[in-house]
Amino acid sequence: MKNNKLQIMVKCAFLAAISIILTRFLVIMPTPALRISLGAIPIALAGLMYGPVYGGLVGLVADLIGVIINSQGTPHLGFTISSMLTGVIPGLVQMLYMKRDENKLIASSIMSSLLVNVIIHIGLNTLWLSQLMGKSVAALIMPRTIKALPEIIITIILLPMLYKLLMKFEPKKETATQIN
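For my numbering, add 1061 to where a residue sits in the sequence shown, where the first one is 1.
One should not assume that every hint holds.
Derived EDC-like pairs: lysine to aspartate or glutamate, alpha-carbon spacing no greater than 20 Å straight-line [to be verified]: (1) K1072 with E1212; (2) K1066 with E1231; (3) K1165 with E1231.
Read the hints as simulated data drawn from the structure, not as lab findings.
Work out the full structure: start from the sequences and follow the hints.
Right, here's the structure in full:
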């Protein structure tokens, strides 16, 4: 059992590292209020694969280490919370809806992507930017919504593909008949 948790922690660290690279280095920032990145995908993937606790931890680690390495602006606790929620929400969707049923994987990916982008990227992150920049939420919301649309589509396409690919490397759960 300990070996399985260690494997999950190593895989989560790997997903956090990928998120840091995608968020901090492979990013396009046309304005200080717009960052086009795929860094949320590994965090959401951690939530889908291992549940909301691991997803939240991957988001926390990715944000804190990312800020230390390359802050890209003023650190704000709100963005750390947003990063954690980016892993928690898909984890909750997985727990409550998908339950590892691959027939529901596409629907779970769509639901996770929509919830994360609408609640966090368009909602909360716009609020945090408004606080940091001294601009109204109304001035920031439209460009951030337009930016989120392609990210939603890309996430809906990539999440199920990456989930299926990575789940091939997960150990099969032993049943009582396999143990005997």
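Give me the numbers of the hints this structure contradicts, sorted from smallest to largest. 1
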